[in-house]
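Chemist: Both chains are given apart, each in its own frame, so use the hints to dock them into the complex.
One letter stands for each residue in the lines below.
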Amino acid sequence: MDVFGSFALVLAFVCAVYAFGGGIAAIFTRHPLLIKSTRQAGMATCGLIFLATFSLEYLFFSDNFSNAYVVAHSNRDLSTFYKIAALWSGQEGSLLFWSFLLAVYVLSVLVTYRNKNGELMPYVGVVMAGVQIFFLTLNNFVASPFKALASAGADGVMNYVARADGSGLNPLLQYPEMVIHPPNLYSGYTGFTIPFAFALGALLARYPGEKWIHLTRKWTMIAWMFQSMGILLGAHWAYAVLGWGGYWGWDPVENASFLPWLTGTAFLHSVMMQEKRGMMKVWNVWLVFSTFLLCILGTFLTRSGIVSSVHAFAQSSIGTWFVGFLVLIITVCFGAYLKNRDYLKSENQLDSIVSRESSFLFNNLILLVSCIAILSGTLFPVFSEWITGNRISVGAPFFNKVNIPIGLLLLFLTGVGPLLAWRKTSTESLKRNFGWPLAIGLVAGVIALVFGFREIYSWVCLILCVFVASTVGLEFYRGAKVIRARAGASFLASAVDLTLRNTRRYGGYIVHVGMVFVFIGLAGAAFNRDIQKDMQVGQTMQIGPYTLLLQGFDSKPEKNYTAQRMNVEVLRDKKPLMMLYPEKRHFSTNEQNGTMVAIYSTLKEDLYVVYAGDSPETNLPVLHAYLNPLVKWIWLGGAVVVFGTLVAMLPNRRAVLVLAGAPQPAAQPLAHGLTPSVTLREGHD
Amino acid sequence: MKKQVKFGVGIGVIVASMGFLAWLGYGESKTYYHTIAELPTLTGAAKGQRMRVGGTVAPGSIHRLSGRIDFVLEGEGKTLPVSYIGSDPLPDTFVDKSQALVEGHPSPDGRFVAEVVQAKCASKYEAAPGGSGGAAASSPQRSSM
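Protein chains in written order, with this note's numbering: chain A, 1 to 685; chain B, 1001 to 1145.
In case anyone wonders, no lab produced these hints; they're calculated from the structure.
Treat the numbers as computed from the prediction; the structure is a model and nothing was measured.
Incorrect hints may have been included.
So these bits of chain A aren't anywhere near chain B, every CB distance computed over 12 angstroms [as the list claims (entries may be wrong)]:
no.	residue
1	Ala44
2	Phe54
3	Val332
4	Val394
5	Ala526
6	Leu549
7	Asn593
For lysine to aspartate or glutamate, the following EDC-like pairs were computed, each having C-alpha atoms within a straight-line distance of at most 20 angstroms [said to hold, decoys possible]:
no.	chain 1	residue 1	chain 2	residue 2
8	A	Lys83	A	Glu57
9	A	Lys339	A	Glu119
10	B	Lys1030	A	Glu385
11	B	Lys1047	A	Asp351
12	A	Lys281	A	Asp351
13	A	Lys83	A	Asp63
14	A	Lys345	A	Glu210
15	A	Lys218	A	Glu275
16	B	Lys1006	B	Glu1038
17	A	Lys481	A	Glu455
18	B	Lys1003	A	Asp351
19	A	Lys147	A	Asp165
20	A	Lys424	A	Asp497
21	A	Lys36	A	Glu119
22	A	Lys147	A	Asp63
23	B	Lys1078	B	Glu1038
24	B	Lys1097	A	Glu591
25	B	Lys1003	A	Glu347
26	B	Lys1006	A	Glu385
27	A	Lys276	A	Asp351
28	B	Lys1002	A	Asp497
Think of the CB as a built atom: it goes at the ideal place given N, C-alpha and C, for glycine as much as any other residue.
Chain B extracted, bound-state conformation (with noise of 0.2 angstroms):
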């Protein structure tokens, strides 16, 4: 009984440890999708979360600006003016019409500042099924991890 005790122990301890470990990582790294039209539904803590939101980059938007670029995204035929702020070049692929993925906080004057964007090239990897773009967080190239 002793040596099933000590083995349930370590078991135990392990598993717990690295429980507590995950549960930690969770709340530093949690991150909510939302779609665009979610964003101004949004009320109270919900505001204050990390959150992703995707989109279409619209033509002619990009606006290279010292220390952020500034662009909108599109979907569901809302637009949301998002600032980047991160330090790391945009992808390759960020160019007008792709698909790009933002991350970071809604700033109270409406626009949404990003610390991170992905891009995924429209004209390739083939376009989603239905073309609903603005969900499609598939991408082939990460600007910041």
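Excised from the complex, chain A in its bound form (with noise of 0.2 angstroms):
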């Protein structure tokens, strides 16, 4: 099988660079039949990456102990869940891993597309088949996942040799959410290739107008929704399973993650510039350019341990290609842009700068200080030693101090852009659709600071966060109402049904109440507490409201490992809630440890028991517990993101003709200047 998958991946290989070099052809030419072959020796590099990915998987599921990577990555004991994931756990499979998400987004791209955009696909494909050049020589020539064991024997003769058992999964993966954090992840760095296929495609191309935006837009939020859950999850794993209390650390690795979707973010809300008003077209390229630029960036921080981290894989050579291919991408990039510029020409101009454009323009602006910030501090130590000689590197406190404020800038921005209109804003708009907002957020700020408040980082977030929930329910109300005087259904009927009217804007709008719970979580870190204490059978340690009483200790043999395992108690004014049982793990197989927090969460707070090993003066069990405030808004957040997000992607209902009896909409006075515009809004927003 594991002769199979090398074949597999070569064939691809092949393909591929058929794809490649016939696309280029095809381009000059034009020859109906060439183009064809092409797009379908596209279509089998992807299937045949399937195929090499599929026999990986097998040579894990049959416990092949004579494929180096099934040796170093499981064991006959792991289980089935986990050999899945075993795919992506090292250097090797998480890049075929790569080559296997991007071939089915090449797949779908190459099928949906087949009979259309016949001037457009070639010059996609040919990038496509350019990316996916790059990861099949990796794949194939550089960190084969299909190395079979060997040894010289006593004539000198190399001999395949088969271990009777693998050294096993790292602990720290053998975790739900390392199944399913990667390939969400990858989903979306692979994911935003196609964007920028289309992107640079349309720029060689000189494709006309927006089509290409129009084009790929879904595919852009697919990714960028993979990468938002990926982040997120990601965030989970480490609040779940490293036990230090915290979900980010701004580790190079997670920062690698998050500069992508911040550029992407910015991205998905700038096209609208450019389709409303044919402005920012230069930006835009260059946005989905910069983005894929990170991606693989990001893939590169991951893997060659030039910044170090919690998360790295090894210090390799591997990093070589990647900075190949990026120099290579960015001279692609700059080239296709000097050459055919004229192309992005803006249509117009900013009018003022209380508008929708205006907003739009912040909005970016932030999003890509945030980003440079990000950059240059994961990429300090790297710059410094480059330049000073020293290796110097930046912490949480850096990242901190840039980002919050600019957090809370994008949280204002939410609440205001949607609700600007286009070109300019007049006074009167202005208070109309932001004086009950405002007044709301402030009387909250009122309240909390009565009630205590005193960090004012939260404070302030709680404020904004209260404002731009305010303005996303004032116009689900009134789109709503509307709706409701028009077809008499009920209120909250009427507000699906304005949903599915233009799912774009009010799809965005259930994205940004996402952030709001996400913003809202993330403002809860500024009370956190904890306590440690070697803690004696029968003892007790109090933290908030929680009382937590250990009630004894065992020892749980599994199949892949055994557990050390503690009994706590978790009492609530003296009576009992519930049990925890935060615990450590031994793993024979490798002689590794982890340990497996326990949590108690509710959307108020976050009980977060650690067992921190044994005290070398005491003998005790050490617990160390964390109070974290809100925390579970994160995660409500992403979910709610997500959905939000799903719902964009759906196409808009067509107005539905309204029954006889009903007022016509243009005839009813309304006393909000903005909401007789519903009906016209629907479409593109």
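Modeler: Here's what the structure looks like:
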């Protein structure tokens, strides 16, 4: 099966080279058969990558311990679930998995547009094949997952050898999130290849108009959604597994996953400027280019060990390949831009500082400032070594100092931006749209002050969250009111109807609400508390309203590890609430330990308990308890963001003709100036 | 023209204030990387900086004392005695022969006082090419952040 897999990979490489070279020839000759055959070569590349991936997975499931990768990342007792995840737990396999996910996207694109956009698709196909060639080069020649174990026999001939058992999967990865976090994050990373291919293809082809933006909108959103989920699942994994009570540490690899998310978010917003007003064309193209470059950079940072990180695979020579690829992409992008930049001329100028355009502009500006700050902070050790000879790193205070104000500014724009009019907004409409939300936000702020809220950033965050939620609520309320007046349905049904008529606008609002939830959760971090104590059986410790009582401990042998488990009873106001079982796991296969955190999570706060080993002085087990307010809102917000993105991807439902008897919408005199346009706003907004 | 000036001022204010905050954050959190061999050669102000040092934990050198954990880091043929005084428990991967990254200050008596220790298990996560364990700072666990 490993021979089969290697062959599939070599053939995939050959097909990709043909799709690339033949594609270029097809662009110049316009020969229909050549166009068709290169497209099919692209499809074949994908099919072969699937075969290679399945054959590696087969090696895992058949416990084939003659394959070096399987030996290093699996063992017989490993559960089925983790044998799937073992595929991407190491360098070689995760690169193959990159190719696999990219192939899923490429195949979907090739199939979706096989009979459409004939002018553009050969260019797109060439760019996609180019990216595939790079990864297939790594899969085939640099980091092959199909290396067999061999040793020289007495006669000097190399013989295949098989081990009795593998050395097992890293305990840190034996956690459910580790099965779903990487596929999500990689789907994000790989997914941005598609908008990149379309942007570069359209620029090279001088493809008319904004069509490439319409074509790539859904692909960008899919990638963005996966990236968002990947980041949050990663944060949750760090929270639930690493046992340090936090979810984000500005670790280089965390940052690397966040960077393309920032530029991708900026892109999703600024395309609206291009669609509506024909502006920011150069900006948008470069945003897509940078997003893709940052995805490659992220993949590179994870693998090269160039900056130290919790996640890094190994220090390896593979970095050189990535640097080469990055330089190549930048060169190609610059070349294409310089050659065809006249095609990107803006049709309009900014009219007013209080307008939708300017809110997008500032949204983009601060997302970019954040991105540059995080990027320079992450790469600071590298750059400082180049420039001064000293390797200097910066830590969490640097990232927090810049990004907290940026986050708050962004939150403010989230509330303001969508309600500003294009071109210019009148003072009148400002009052109408923001009067109430602002008042409600400030009232919330005053109430919080009275209740002893003293953390300035969290306090501002709270006001802004209430403000944004109110603006969104008001939008739904007004829109639904119009529909209700016409159709007479219930308020909720009207709101659903409203959403389905303009999924992009209202789906976007739902995403914004999700972000508000995330911000609520982040604001809670200012109030985190923790306590650590050596515990005798029967002893208690107090944190916030909770009393933790150590009832005892036991040892629980499992198939793949032995767990040392603390039985902790949680009491609240002297009443028993529940049991928590923080544990330490010992994996005998590779003599490694893992920590399992026990969390009691409510919307108000998380009680987070870690068994931190035994105290050297007293020989007693040490419990470390954290009280982290509002953390659950982050995960909840993530779910809402995903839901909103899915809504925004739905096609708009056509406005249903209203039954007889309902008044004409235009004839209806309304107090709120913006609402009559609800029906007019349908479509892209 | 007035419009452009307004945008210019807005953008300028944002960029400048972020730059200022970044500079503050940099001053607060900058940490120098040094190798064990470099430490004795540091002079003057360089000695007082916050720094990170990487190395391999000498087998049998971990002693858990009250309020601190002592161990010895090895690298490039040199050794460095370290006292970890942080409150967080050391990561599960911190064992004999594991690669560790310590962060803190050198004290006048030659010991290194660490507030943060990161450790990377020696047997896993693939060996660094060339086997130069000391500087390899990748760590699958953090003890503090």
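Chemist: All hints are to be evaluated individually against the structure, with a verdict given for each.
Modeler: Verification of the supplied hints:
{"no.": "1", "hint": "Ala44", "verdict": "holds (33 angstroms)"}
{"no.": "2", "hint": "Phe54", "verdict": "holds (24 angstroms)"}
{"no.": "3", "hint": "Val332", "verdict": "holds (29 angstroms)"}
{"no.": "4", "hint": "Val394", "verdict": "violated (5 angstroms)"}
{"no.": "5", "hint": "Ala526", "verdict": "holds (16 angstroms)"}
{"no.": "6", "hint": "Leu549", "verdict": "holds (21 angstroms)"}
{"no.": "7", "hint": "Asn593", "verdict": "violated (4 angstroms)"}
{"no.": "8", "hint": "A/Lys83 to A/Glu57", "verdict": "holds (8 angstroms)"}
{"no.": "9", "hint": "A/Lys339 to A/Glu119", "verdict": "holds (19 angstroms)"}
{"no.": "10", "hint": "B/Lys1030 to A/Glu385", "verdict": "holds (13 angstroms)"}
{"no.": "11", "hint": "B/Lys1047 to A/Asp351", "verdict": "violated (56 angstroms)"}
{"no.": "12", "hint": "A/Lys281 to A/Asp351", "verdict": "holds (17 angstroms)"}
{"no.": "13", "hint": "A/Lys83 to A/Asp63", "verdict": "holds (9 angstroms)"}
{"no.": "14", "hint": "A/Lys345 to A/Glu210", "verdict": "holds (12 angstroms)"}
{"no.": "15", "hint": "A/Lys218 to A/Glu275", "verdict": "holds (15 angstroms)"}
{"no.": "16", "hint": "B/Lys1006 to B/Glu1038", "verdict": "violated (52 angstroms)"}
{"no.": "17", "hint": "A/Lys481 to A/Glu455", "verdict": "violated (38 angstroms)"}
{"no.": "18", "hint": "B/Lys1003 to A/Asp351", "verdict": "holds (8 angstroms)"}
{"no.": "19", "hint": "A/Lys147 to A/Asp165", "verdict": "holds (17 angstroms)"}
{"no.": "20", "hint": "A/Lys424 to A/Asp497", "verdict": "violated (29 angstroms)"}
{"no.": "21", "hint": "A/Lys36 to A/Glu119", "verdict": "holds (13 angstroms)"}
{"no.": "22", "hint": "A/Lys147 to A/Asp63", "verdict": "holds (15 angstroms)"}
{"no.": "23", "hint": "B/Lys1078 to B/Glu1038", "verdict": "holds (10 angstroms)"}
{"no.": "24", "hint": "B/Lys1097 to A/Glu591", "verdict": "holds (13 angstroms)"}
{"no.": "25", "hint": "B/Lys1003 to A/Glu347", "verdict": "holds (18 angstroms)"}
{"no.": "26", "hint": "B/Lys1006 to A/Glu385", "verdict": "violated (39 angstroms)"}
{"no.": "27", "hint": "A/Lys276 to A/Asp351", "verdict": "holds (14 angstroms)"}
{"no.": "28", "hint": "B/Lys1002 to A/Asp497", "verdict": "violated (44 angstroms)"}
Checked against the numbered hints above, the structure breaks hints 4, 7, 11, 16, 17, 20, 26 and 28 and satisfies the rest.
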